[in-house]
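Q: Work out the full structure: start from the sequences and follow the hints.
Each protein sequence line maps, in turn, to chains H and G.
Residue numbers for the first sequence follow the numbering used here, beginning at 1 and rising by one.
Residue numbers for the second sequence follow the numbering used here, beginning at 1 and rising by one.
Worth flagging that the hints you see were computed from the coordinates, not collected in a lab.
Dumping the calculated DSSO-like pairs for lysine-lysine here, alpha-carbon to alpha-carbon at most 27 Å:
| id | chain 1 | residue 1 | chain 2 | residue 2 |
| --- | --- | --- | --- | --- |
| 1 | G | 289 | H | 98 |
| 2 | G | 33 | H | 98 |
| 3 | G | 286 | H | 98 |
Okay, the calculated bits of chain H under chain G, using three or more residues with CB under 8 Å as the criterion:
| id | region |
| --- | --- |
| 4 | 23 to 37 |
| 5 | 109 to 116 |
| 6 | 170 to 182 |
| 7 | 256 to 263 |
Quantities reported herein were computed from a predicted structural model and do not represent experimental measurements.
Yeah, the Cβ is synthetic: ideal placement off N, Cα and C, and Gly gets one too.
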Amino acid sequence: MHRVLGDRRAVVLLLGPALLVYSLIMLVPMVWSLGYSFTKGNTIDGFTGNGVANFSRLLHDPAVHHALWFTLKYAVVVTAGQVVAGYLLALLYVFFLKRASALIRTLVFFPVVLPTVAVGLLFQKFFQVAPQTGPVNSLLNAVGLDSIDFFGSAGSAFWVLVVMDIWRSMGFYAVLLFAGLIDIPDEVLESARLDGATGLRVVRHIVLPLSLPVLMSSLIFSINGTLKVFDSIVALTNGGPGNGTTPLTLYMFQTSFTYSDYGYGSTIALLLTVVCLLVSLVVYRVSRRDLTEG
Amino acid sequence: MATIDTAVKTSVRSTSTPPAKTSRPRGTRLWVKIVVALLLIVEIYPLVWMFLTSLKSNDDYLNHSTWSLPTHWEWGNYSEAWTTGHIGLYVQNSLLAVLPALALMLLLGTAAGFALQIMVWKGRSLTLLVFLAGMMVPPQMILLPLFTVYFQTGLSGTLGPLILTYTGTGLPLTVFMMATYYRSVPRELFEAATIDGAGILRAFWTISVPMVRNALLTVGLVQFFFIWNDLLIALTFTNDQDLRTIQVGLLNFTGDFGATQYGPLFAAICINVFGTLLIYLFLNQKVMKGLTSGAVKG
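A: Set out below in structure tokens:
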């Protein structure tokens, strides 16, 4: 029987092309990029080896420290925001809107498919103070407050970024978590209610533990995406003011293409990759432990 | 956990009066309505504002309240964006890069998914893991070597680099999702078919592909949004102004007019948004299912 399904020639023909393209576009360049880390130069001027100079520069570069700190801060805040907002929405869908939630779910999900560049430009104009007072500042003026120059300082620009990325993706996490909540058997909730548990108590002692697995996979997915944030920042602030909102991804891009230093750019890319792997590993380990305890 | 549960149960049982069932829903319903209304305003108003602004003249935009309706409805902003702003060209470039990449990715990914899930051979779970690893690594890690190769092979002045890079970076998720879909197709089906004289390659194409037609649409949609909305790869490999995709073009939109023309700029943003909106309008359930199932890969 297995003779047909074990046909080696067929396996090679079916899998070969995909594996070849994947290797050439992803695997080989990854290793190659590793090699670039020990060089200086770029494609047009050529490369010269310079040992571990890029790595010692990485350790002492204040811009890298700032970008790393910004990346982590952004990832933690936005991940928390996305998952919490998504979870609250999912609870709203399941327990309050019930069957009527399909339309709301679809509407709130909608920004997920919008091009990030478009959303970034839209929010830039929505929060702007000059040349025209945008809707947010108009609202502030209407209630008697002064306009805020949101993009004038890194601190406020960061929060606009956070608001934008939560706005963009909370519908996604809501649907993801909704699928987990809907799986909770009605009898379990019913028996809890019969026992007199209400509201927050049901959520805390029954809903939350039972939806922990899907909550954890949302968390992993979100942190994996937010560590790699690029599009939203380029479109909204382009890393500014100064380098106030520059994450590692953007710093790598600027180093490589604005300053044509591919060697150091590759070193920053490597740092980013290591950070992604470490964080995923930690989150994964923590989530495993929580699941076995719960 | 068990002790807390029983503690809650016993403590709650001691309260004799059951929760008043009739009054509660009415009370909650009002705040639910308010929350939903706020939610919808927050989700939808920015888009309405964007659309209204796209119909204003520069003077109208700069000198009237941001809340106001356009004094004249400047539909000409759209043709201005499309031609003078080159959005037409950028949309065309995007389509020329996205569609071939999508076709290639689906074809290769389906074949690989079949080989990894239906066929029986040593090392297939390891191969799947190798594909999965590609989803973890940030794309920054592959940009510079690819740039060098595309430059040295002379591909740089074309859309080729985009098509190749999109295909390669999209394969991990495509292969994984297709392999998952093939899990629900029984192997016996192909064993029976091949006994009837059809080769396994033919069985793949004539029997298995029609069976996963639905999955192909779902994966295709998910990947379409990813590639269409991509900025990083497009920004890296389109040095030529005439090769810009819609996202890169939109990012540099203001540069083409000298001074910023707000009406056409918003019109360009709208054109970009409405494309995806249209797809979402018709296929939203599939899009939602596809995008979220791509996430629960664990």
